[in-house]
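Protein sequence lines correspond, in order, to chains A and S. Under this note's numbering, the first residue of the first sequence is numbered 323, with each subsequent residue one higher. Under this note's numbering, the first residue of the second sequence is numbered 170, with each subsequent residue one higher.
There may be inaccurate statements among the hints.
Unchecked claim - With a straight-line cut-off of 30 Å between C-alpha atoms, the simulated BS3-like cross-links for lysine-lysine are:
1) A/Lys727 x A/Lys443
2) A/Lys700 x A/Lys781
3) A/Lys658 x A/Lys741
4) A/Lys431 x S/Lys389
5) A/Lys572 x S/Lys360
6) S/Lys523 x S/Lys568
7) S/Lys389 x A/Lys639
8) S/Lys389 x A/Lys667
9) S/Lys360 x A/Lys639
10) S/Lys328 x S/Lys360
11) S/Lys221 x A/Lys386
12) A/Lys700 x A/Lys741
13) A/Lys558 x S/Lys622
14) A/Lys568 x S/Lys175
15) S/Lys622 x A/Lys683
16) S/Lys571 x S/Lys691
17) A/Lys780 x S/Lys175
18) S/Lys360 x A/Lys431
Claimed, not checked - Part of the chain A face toward chain S, derived, beta carbon under 8 Å:
19) Ile517
20) Pro520
21) Ser559
22) Phe567
23) Lys601
24) Val607
25) Tyr757
26) Leu758
27) Tyr799
Don't read these hints as lab results, they were simulated from the structure. A virtual CB, placed ideally from N, CA and C, is assigned to each residue, including glycine.
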Amino acid sequence: MDSVYYEEEKAKRISLIELNRQLKPLLKPYKGRLALGFLLLILATTATITGPILIKRAVDVDIKNSDYSGLMVTAAIYMGIQIVFLILNYLQRINLEWIGQQAMATLRKRLFNHIVHMSMKFFNENPVGRLLSRVESDTESLRMLFTNTIVTLLGDFLLLVGMFGVMAYVDWRLTLILAALAPVILILTYYYQKITNPMFLRARKRMADIAAFLTEYIQGMSVVQIFNRGEQVRQKSYEVNSRKFKIETKAELMVVLFFNTVFFTETIAICLILWFGGKMALSRVITVGTLLMFIQYIRRFFEPIFHLSEQMHIIQKAMAGSSRIFSLLAHEQRVKDPESPLLVKPFEKSIVFENVSFAYKDEDWVLKEVSFELPKGKRYALIGVTGGGKTSIINVLLRFYEFQKGRILIDGIDIREMKLTDLRHYFGLVLQDIYLFPGNILDNLRLSDGSISEERVKKAASIISADKFVSGMKDGYASLLAERGGNLSMGERQLLSFARAMVFDPEILILDEATSSIDPNTEEKIQSALRRLQEGRTSLTIAHRLQTVLDADQILVIRRGEIIERGTHQQLLKLGGYYSDLFKLQFQLAKGEVKAYA
Amino acid sequence: MRELAKWLWRFWRLHRSALAVIIIFSTANGAIKAAYPYVLKFIFDGIEAGFKIEDLLHYILMFLGVGISVYLVYMTMQGTRAYMNMRMEFRFRQWIFEYISRLSPSFYHKYTTGDIVTRLTDDITEKLAWFSCSGIFRTLEAVLMVVFGIAAMLTINAKLTLFAIGPLPLLVFIFIKTATILHQRFDTVQKAISHINDVMESCFSGIKVVKAYSREGAQKNVFSDAVDKRKKAEVRAVMTHGIIDSLWGHIWQLGVVIVMLFGGKMVIDGDLTLGGFVAFNSYVLMLIYPMFDIGQFVVAGRRGVVSVNRLRELEKFTPEIEEPSVPLKFESDGMEIEFREVGFSYDGNRFAVKNVSFAAKPGDLVALVGPVGSGKSTVLNMIPRLFDPTEGEITVNGKNLKYLSLEELRRAIGYVPQEPLLFSDTIENNITFHREWVSAQSIKESAEMAQLKSELSQFKDGYHTRVGTRGVNLSGGQKQRVSVARALAGNPKLLLLDDCTASLDALTEQELWRQLRQVMPKATCFLISHRTHTVRNADLILVFDQGQIVERGTHDSLIELNGLYRQLYEKQLLAESVGIA
Numbered sequence: 323m324d325s326v327y328y329e330e331e332k333a334k335r336i337s338l339i340e341l342n343r344q345l346k347p348l349l350k351p352y353k354g355r356l357a358l359g360f361l362l363l364i365l366a367t368t369a370t371i372t373g374p375i376l377i378k379r380a381v382d383v384d385i386k387n388s389d390y391s392g393l394m395v396t397a398a399i400y401m402g403i404q405i406v407f408l409i410l411n412y413l414q415r416i417n418l419e420w421i422g423q424q425a426m427a428t429l430r431k432r433l434f435n436h437i438v439h440m441s442m443k444f445f446n447e448n449p450v451g452r453l454l455s456r457v458e459s460d461t462e463s464l465r466m467l468f469t470n471t472i473v474t475l476l477g478d479f480l481l482l483v484g485m486f487g488v489m490a491y492v493d494w495r496l497t498l499i500l501a502a503l504a505p506v507i508l509i510l511t512y513y514y515q516k517i518t519n520p521m522f523l524r525a526r527k528r529m530a531d532i533a534a535f536l537t538e539y540i541q542g543m544s545v546v547q548i549f550n551r552g553e554q555v556r557q558k559s560y561e562v563n564s565r566k567f568k569i570e571t572k573a574e575l576m577v578v579l580f581f582n583t584v585f586f587t588e589t590i591a592i593c594l595i596l597w598f599g600g601k602m603a604l605s606r607v608i609t610v611g612t613l614l615m616f617i618q619y620i621r622r623f624f625e626p627i628f629h630l631s632e633q634m635h636i637i638q639k640a641m642a643g644s645s646r647i648f649s650l651l652a653h654e655q656r657v658k659d660p661e662s663p664l665l666v667k668p669f670e671k672s673i674v675f676e677n678v679s680f681a682y683k684d685e686d687w688v689l690k691e692v693s694f695e696l697p698k699g700k701r702y703a704l705i706g707v708t709g710g711g712k713t714s715i716i717n718v719l720l721r722f723y724e725f726q727k728g729r730i731l732i733d734g735i736d737i738r739e740m741k742l743t744d745l746r747h748y749f750g751l752v753l754q755d756i757y758l759f760p761g762n763i764l765d766n767l768r769l770s771d772g773s774i775s776e777e778r779v780k781k782a783a784s785i786i787s788a789d790k791f792v793s794g795m796k797d798g799y800a801s802l803l804a805e806r807g808g809n810l811s812m813g814e815r816q817l818l819s820f821a822r823a824m825v826f827d828p829e830i831l832i833l834d835e836a837t838s839s840i841d842p843n844t845e846e847k848i849q850s851a852l853r854r855l856q857e858g859r860t861s862l863t864i865a866h867r868l869q870t871v872l873d874a875d876q877i878l879v880i881r882r883g884e885i886i887e888r889g890t891h892q893q894l895l896k897l898g899g900y901y902s903d904l905f906k907l908q909f910q911l912a913k914g915e916v917k918a919y920a
Numbered sequence: 170m171r172e173l174a175k176w177l178w179r180f181w182r183l184h185r186s187a188l189a190v191i192i193i194f195s196t197a198n199g200a201i202k203a204a205y206p207y208v209l210k211f212i213f214d215g216i217e218a219g220f221k222i223e224d225l226l227h228y229i230l231m232f233l234g235v236g237i238s239v240y241l242v243y244m245t246m247q248g249t250r251a252y253m254n255m256r257m258e259f260r261f262r263q264w265i266f267e268y269i270s271r272l273s274p275s276f277y278h279k280y281t282t283g284d285i286v287t288r289l290t291d292d293i294t295e296k297l298a299w300f301s302c303s304g305i306f307r308t309l310e311a312v313l314m315v316v317f318g319i320a321a322m323l324t325i326n327a328k329l330t331l332f333a334i335g336p337l338p339l340l341v342f343i344f345i346k347t348a349t350i351l352h353q354r355f356d357t358v359q360k361a362i363s364h365i366n367d368v369m370e371s372c373f374s375g376i377k378v379v380k381a382y383s384r385e386g387a388q389k390n391v392f393s394d395a396v397d398k399r400k401k402a403e404v405r406a407v408m409t410h411g412i413i414d415s416l417w418g419h420i421w422q423l424g425v426v427i428v429m430l431f432g433g434k435m436v437i438d439g440d441l442t443l444g445g446f447v448a449f450n451s452y453v454l455m456l457i458y459p460m461f462d463i464g465q466f467v468v469a470g471r472r473g474v475v476s477v478n479r480l481r482e483l484e485k486f487t488p489e490i491e492e493p494s495v496p497l498k499f500e501s502d503g504m505e506i507e508f509r510e511v512g513f514s515y516d517g518n519r520f521a522v523k524n525v526s527f528a529a530k531p532g533d534l535v536a537l538v539g540p541v542g543s544g545k546s547t548v549l550n551m552i553p554r555l556f557d558p559t560e561g562e563i564t565v566n567g568k569n570l571k572y573l574s575l576e577e578l579r580r581a582i583g584y585v586p587q588e589p590l591l592f593s594d595t596i597e598n599n600i601t602f603h604r605e606w607v608s609a610q611s612i613k614e615s616a617e618m619a620q621l622k623s624e625l626s627q628f629k630d631g632y633h634t635r636v637g638t639r640g641v642n643l644s645g646g647q648k649q650r651v652s653v654a655r656a657l658a659g660n661p662k663l664l665l666l667d668d669c670t671a672s673l674d675a676l677t678e679q680e681l682w683r684q685l686r687q688v689m690p691k692a693t694c695f696l697i698s699h700r701t702h703t704v705r706n707a708d709l710i711l712v713f714d715q716g717q718i719v720e721r722g723t724h725d726s727l728i729e730l731n732g733l734y735r736q737l738y739e740k741q742l743l744a745e746s747v748g749i750a
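Just chain A, same shape as in the assembly (with noise of 0.2 Å):
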């Protein structure tokens, strides 16, 4: 939560220019909408204005006159007229409403199609709470900004406009006194706004910094505990919370001294109008019914002043919020497809890997001209250390990262020469986690392809012996999955994982296995799954399990990006070197030999 405030701080400025640049193709397609919600608000303002004229009216004519069907006249028009305007409100509202939710909706989906398509190293330098803080709340501000700021700037400004008319038109010399008023009214809100606006900024500072500390004190409460510092961690938060408490005290009682300030310049306002209109009525100049009209106007008068202070906020965040958005739209960063890309066919001979050097980050190089070849129908294990290029294999291999040197071919294809999805058609990718969607098991087996047929998957997951502890679930594969999967056991995530693999059936299996240790009899059930998944297919496996290791056509030892050495079990054994050494070891223990160890 704190990383969005701190994010308000360091957001680049737009100016209201660019933002009318960026927003006017999103309203275009409504032109139509928003001229007719721009007619609605005259006609809306209209009717309020009418209000204190028939008021006007009543007392100057229908009262003065003793006339009482005249009044009920009067009174049946302003209430029709009050009528017609709620009307033309409610129908105003819905259509900027309709118009803003499509607007948004349209950006939305902008926003995620750009982002679906971005590279994998945009989603590792971009957390999965900024994008969707991006998506939801900056898209939410911006929503805000045109529904009910706009709207409500615009209108009030119609009102002050209209009301000024009415009131020049029926005494010039009272309206040119109210007018005086005015510049001292927008100077109190220029240094309200001056400031305020920094004392709720340092305010909302405050509140992130209280959020900060609670979620670390909170999360390493058992370290103060033990420690015994409880007593110096609530007074330091008695100290952070107190910051927060100052400024934004501060901060509300000048919102309080101004406010009050602008009513009582208001009733300044009515003495003023009391008392030269007053003079005015008594010899007679003007009516008593245009005085009490003035008097109306006045209140009306200084809600929009209200109005635009509560307005600031909301455009103060929307404009920081545009301003990520439109950034983020205008940011690139994918891997392409090539401009003529080449037809693919069914795997048949092999993949190569031809001197393959990569890195993630300038020429910090993970692989270093790894080579190897991949024949159909084998099966291959990748072991080393932890950061020593298995992954990055992976990586390149599927294109999720672009490497620099070499090259990878499919069957003698350059795989920069397909289009990805050609490319990644080709492999079934099993990862340590299941990574699971909203969604029901079958969709989720599936990733919700509707092509793939219910049987398709079933028999696919029986293969795996997933099908029985699925159907053994109260909704079967209409299950909906709790958050990330969170009722199923570590077992059932990794066959549920298979199980997928072996629906979209592919000719290459690349797997990384979970190194998270299992119980003896869920470890059964899951080889033998493995067995099933990779008969007559071709397998690239990170091994985590001997195991495989031991099961492999061939092992790629990789270490620090390098394959230091190849070969099955059997001949790396037989090589004497760094993996022999290994099994050696384990094969002097198993005989009971136990020696002292480096």
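Got chain A sorted already, so can you dock chain S onto it with the hints?
Chain S alone, transformed into the frame defined by chain A:
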């Protein structure tokens, strides 16, 4: 609601004078504001009757006087309310945090950090704070306004008053009823938004799978559907909300029309002066806005109750560990720890550990090994009394842990958790960790032992480098070293290390141990680790499985035993050599 009031009173009573100011000034405000239309009545009657200019001036000054009074009174009251809002927020948060800081791990297991933080921030700031003061006292202000207003209106013309206020109770009723509908509508919107977030979160987290199976298109469709659903829900919500809003915004016009018609007739008939008509016109306006506040109170009150309940839920937990009333001190330099048939269970049914018995002398290194979830951390955490055993007893130098001075006990302990758990502060302060007795010398020495010195030379601010939020991000290994330094800085007699050297490379770890044994020969060390060479050197190895000690002894004796330990050890050795571990 009563529960809510009782809870709030706990905090309100600390600010009785502020509350008194609010109540008194609210009353004054109501009375004074009700005078406004009265003065208008005099002025308009006077103008109709054609009074003298001096009289006009007189009444206008009266009006101005009322205005000034209102300005001062209202500002004072509103300012006090604003102050109280903030103060209440401060107090709620402070109270709850201090309360939970004394709770045991059982509490922290039940609630995620995010959840607790939300309750301490969102629930308090957004929902409770405003309501606890402004929410309630604005309603009081509103009620007083209505009372004084109606009283004033009655003195002018009772009959018209009845007509004018007729619709008011109806308004409040309608407001409360429609609020429930609104709540439901918004629920559907909330759900639609949650769904969108779910789709995004799972797609972006599992983007590798999405790309590997080329399912970007499918994800886009799912997202598009979710967005459209939400759009529809929002528009529908506004359609309902809009009716209620519009009604609310204009229901006061009904009052104006009533006054126009009935009041106007009365003026025509001579039962009411023109001034009276003008006054009623003002009163109608004055009465409508308080109606909003009263209605709001009910709605906001409901939300407030929800939030208070979320906070009270936390208070259901009670602190389990306390300083004993007559704390004993432990005498010698070293600490001998003994576990006698110790067991622990969270809920009384499943036990985390059972029948744990062992003894460790000062200077001993005891290693706890075993598979994940076998109870090692539980045993370790009972030593500093993070929680107490439910069976058996733990003694230090022969005295039961529960009767020792908690302060002294924890002062003698150095603890290194599995996750480094550092705080946003300088490295120096992280090592000191609020302990005044840690000298600068201790800091330097412990940092050296923890192999931190070479790392520190990389940072230009050295020990004063700030880490965490608004600071630098240390690597996993660096964080571990600071965590170790923190434990060592207090000159502990008892060292507890929970599987904490995972991020340190073997060489560094060896060096660390060498120095440790040299500098602290009398310290009793408990270590949870998988690292083969570390565990090998322990004076006593306790092998845990499913909460019980299944094997114990030195490394050599356990290897000979050819049991679980040997299995685990060999597997680990293999894994370490191949680089899998």
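Evaluation of the provided hints:
no.	hint	verdict
1	A/Lys727 x A/Lys443	holds, 18 Å
2	A/Lys700 x A/Lys781	holds, 25 Å
3	A/Lys658 x A/Lys741	holds, 9 Å
4	A/Lys431 x S/Lys389	holds, 8 Å
5	A/Lys572 x S/Lys360	violated, 38 Å
6	S/Lys523 x S/Lys568	holds, 21 Å
7	S/Lys389 x A/Lys639	holds, 28 Å
8	S/Lys389 x A/Lys667	holds, 28 Å
9	S/Lys360 x A/Lys639	holds, 24 Å
10	S/Lys328 x S/Lys360	violated, 51 Å
11	S/Lys221 x A/Lys386	holds, 22 Å
12	A/Lys700 x A/Lys741	holds, 25 Å
13	A/Lys558 x S/Lys622	holds, 28 Å
14	A/Lys568 x S/Lys175	holds, 27 Å
15	S/Lys622 x A/Lys683	holds, 28 Å
16	S/Lys571 x S/Lys691	holds, 23 Å
17	A/Lys780 x S/Lys175	violated, 58 Å
18	S/Lys360 x A/Lys431	holds, 19 Å
19	Ile517	violated, 16 Å
20	Pro520	violated, 18 Å
21	Ser559	holds, 5 Å
22	Phe567	holds, 4 Å
23	Lys601	holds, 7 Å
24	Val607	violated, 12 Å
25	Tyr757	holds, 3 Å
26	Leu758	holds, 7 Å
27	Tyr799	violated, 18 Å
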